[in-house]
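Keeping their order, the protein sequence lines are chains R and H. According to the working numbering, the first sequence is numbered sequentially starting from 1. According to the working numbering, the second sequence is numbered sequentially starting from 267.
The set of hints was computed from the structure by calculation and includes no laboratory data. Only a predicted model underlies this, so the values are computations on that prediction, with no experimental measurement involved. Check before you lean on any hint, since a few could be wrong.
Stated by the list, open to error - Cross-link-like lysine to aspartate or glutamate pairs, in silico, EDC-like; alpha carbons within 20 Å at most:
hint : chain 1 : residue 1 : chain 2 : residue 2
1    : H       : LYS1103   : R       : GLU193
2    : H       : LYS1103   : R       : ASP83
3    : H       : LYS1103   : R       : GLU205
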Amino acid sequence: MAMLLSANATQTDTQTQTGFPRLVSTAPAARAINAVKLYGTAETSVRALDGVDVDFASGCFTAIMGPSGSGKSTLLHCLAGLDTLSSGAISIGDTILGTLRERQLTRLRRDRIGFIFQAFNLLPTLTAAENITLPLALAGRKPDQAWFDTVVEVVGLRDRLNHRPAELSGGQQQRVAAARALVCRPEIILADEPTGNLDSKAGGELLAFMRRAVDGFGQTIVMVTHDPVAASYADRIVFLADGKVVDEMFEPTVERAIDHMKQLGG
Amino acid sequence: MRRLLRGALSQGVRLFGTALAVALAVTLVSGTFILTDTIDAAFHQASADTGGSSDVVIRSTALFAAQANSLPEREPVPQSLVEKIAAIPGVKEAWAAIQGYAELVDKQGQAIAAKGLPTVGSGTTPDVTLTAGRAPTGPDEVAIDIETARRAGLVLGDKIKVLFSGSTQEFTIGGFLQAAGDVVASTKAVFDSVTAQRMLGVEGQVDAIPVRAESGISPNELRTRINAVLPDQYEAVTTAQVERESAESWTKAVAFLPTALLLFAAVALLVGAFIICNTFSILVAQRARELALLRSLGASRAQLTASVLCEAVAVGFVGSLVGVVAGFGAARGLLALFDRMGFELPSTSAVFLPRTAAIGVLAGVAVTVVAALAPARRCTRVAPVGALRGADGGRTTSTQGRLVLGAVAGVAGLATLLTGVLSGGNRPLVAVGLGAVGILVSIAVLTPLAATPASRVLGAPLVRVFGESAFLGRENAMRSPRRTASTAAALMIGIGLVGVVAILAASVKASAGRTVDESLRADFVLTPAGLGGAVSGVPPVVVDRLRETPGVATVSEIRGGQWGLDGRTQTLLAVDPTTVTAMHAVDADSAAAVRRLDDKGVLVRDTVAERYGWRIGDSVPMTFARTGTKKMVLQGTFSTTAVRTDFVITLGAHKANYAQIFALEVDVALAAGVRLADGRVAIEQALADYPVVKIMDHGEVLAAQDEQVDRLLVPVTALLALSVIIALLGIANTLALSIHERTREVGLLRALGMARRQLRSMIRSEAVIIAALGAAMGIAVALFFGWALVASMRHLGVTELVFPIAQLGGLAVLAAGAGMVAGILPARKAASLEVLKAISSDR
């Protein structure tokens, strides 16, 4: 298995270095190649990912859908370098995650990836503004004030910057998290059910903001969701079932997404 | 109930820190008892050897009780009595016991005895057992103990010089004595009876007459028989009783030890209580949901409280057991500590009484349960539904209530303390102590209100240097001020006490130094080298030699003694009224009183004279061991604190009433024009044979005083350090619990790109801030209490107030640094969390 992994890695490296012609017009911001993730010991093992091959195009808003247990969260965690594959490879831009040490992975998450989790996105001790600039502060960098202002304006948090999370509504908290993800201009934003705990209005606002970030700033977003309405904001839906990519859909609508999910039995 | 307890036991690991805190405090408790019992046993064992083979001892009756730490002074018994006693039916054998000062000197002219313990010379008795050679006979032969011989590398037939109080003579070593486990003497020299009497200056007299009974006659019976024929001023007692008295006097001499040590143990337990209370508060808050669920399922409040208290009992019990066992090590450590202090305590194999375990466990469990009481009650106050919804563990004391309580305790404490300081009454220290307690309560109550702004200020430099991770650490320290405050308060106690001790020591040194600077006029002060045992002192021959030394103008001798007043023991100093005021400058009234003093009179401290209602011209009944009660005329009073006793007589009166001929101190003034260095050389030459005398100029007197203070300072600080260590343990414990509580936050931070190094730095920053807060409060408390304590000790001669700034600053920095060390383990634990697991945990 290790042989396979390193062979894959080398191949991908060579491809990038030699400028091997790519199949898609834009270079993928992230990609999974034959990604396999096993949980548990040999006899009771579960294949959470069972050979996933998928590219996430740069400047594209991709939703990952699938029934629970389909492996969509595992895929997102592996893309983020929070979890490791049993075999196969994940890359963010030109970087193969499997070859990175712990410290390099941390830096990758800090500098090149933005996160929006379903809940508990913010440090309770910090104000909204401090939460937004946290990854930059961890990197010892100053935020670009103009960009910070733009982001804050877009998410509509101007008058909430000095509030602490406990003083913000759930929707506002998620928008702070989105602003944080955006403010350091990451190569890719990974969102894990970002609207899962929100009512439809607050969820809609957040998704509209994410849409604007893609359209207006060319941000790449990968979002895991089980909500067809949320998925309908994306450019493309990747459907996962039993740890495999089973289908995809471009320019989705809510109805098509629901139909598709029904077919998958989700 | 069992089910409730299972929830508790699952937190075992988290209670480890608490158990350790209990264990450390109990270690000191148990160590104290083991040490005391061991010393006690050693004294009894050693004293059991002193009586030898005798059954009954005849001695003169004591005219007044001894001071707590010594045996009463007794008159000698005439030699002629030995024959008479021997003739009493039932007496198998009676002999003379003679003891006195005999210092052995090695070939380099140095005293062989170590540690300043008494060096004993005696006459030979039937009890003398030799390991080699023969019993001493004739005027030139001595037998010395084999231990000393080994130490000095002496063999049979060697010549050895022996210093007596009046003379020096060389002897041939004819035999070695068996080394007995004697606690009183560090060297022993035995001569034949006649030689011993002559050399020790007690011709025709013996100290006591030991007697052996015919077989079939019990010691009690023999004692009664002898007492029937003895004159009133003598008494016969059984040897067993003499040995018991000896052991008791030694035990009494160290009776302060357990009290003092238990005081330190109490401080350690108090600090431990803070930590226990904190831990249980956190644990209960973390379990609020679980407890609320149990409540809604029908568990009563009492059941929940009981479950938490059971947990406390279990933790207290385990911790105490560990502490009791660790006490063995502590007893060893304490022994070493006191050795450093200059007390050489005898020891045998450690003595462990069941009482030690009982008290240790009881103290540990009691403190744990009491400290856990408040958290245990608080946890049940939360409404079941509220906690299920995720409200925190019950309402805490309101800010207003806190302010009121803090202000009341603070004002009351301050008032009491100031009354003590300002009134200068009889018992200022009591008022100061009570006031201090009030102020400490006030601080403990108010700190949570100040913890947030204080952390902000104290953390500022860290944030500047270490950036975001320190910033986040500071935010964490500020988020639960109550937790931060009580963790810091535990450290405050230890640091505060260490600080107070440092201030007190510096002030005592400065005050003593000032007294020396202002009043010492003598060019040199001669004192016995070492700590000075009961028999040693500056021998009279030294005084005579000094008088003949070229360049020396005046020699003034100061002797000391005990005497009885209404059966109670008092001390006195004996001075030469014509010369002493030239050596020690005191206030004009006191000096005039001294100059008027003659051999029939006594000077009394003004406050003491007032207490007894004596006026000048009244007679003071002074009972001396040797001469009985004498009516001495009160010829004047004095007020100076430079004199360390309440009664002063003349040297002439001393010589008339005491057999003891050693000086406590001999002051020397050089003739005009003689340089100090030359004077010193002359004195050293004159006293070359007397290595037991220490010659000190002003600087050396000051240094000797400082050294005395330091000798106490080191062990006291070391004992208080235990409390500081427990408090640091508390910081580590609180942080570990906090991190457990904030697992998800740690996960989030790591996911967002916080490096492990940054995470560790964040947690260590929080630790440093808590420690710095505790240290800052401790130093503030120390400055204030130090001032109060010194101010209320004016009547004890502590006139100077000194804040050793560098030392206190160093202490604060050290504490903050130690805080960082305390943060290392929790930081590691946090850094080792798996990001994904942490972020998806339910905490």
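ask   = Against which earlier hints does the structure fall short, listed by number upward?
value = 3
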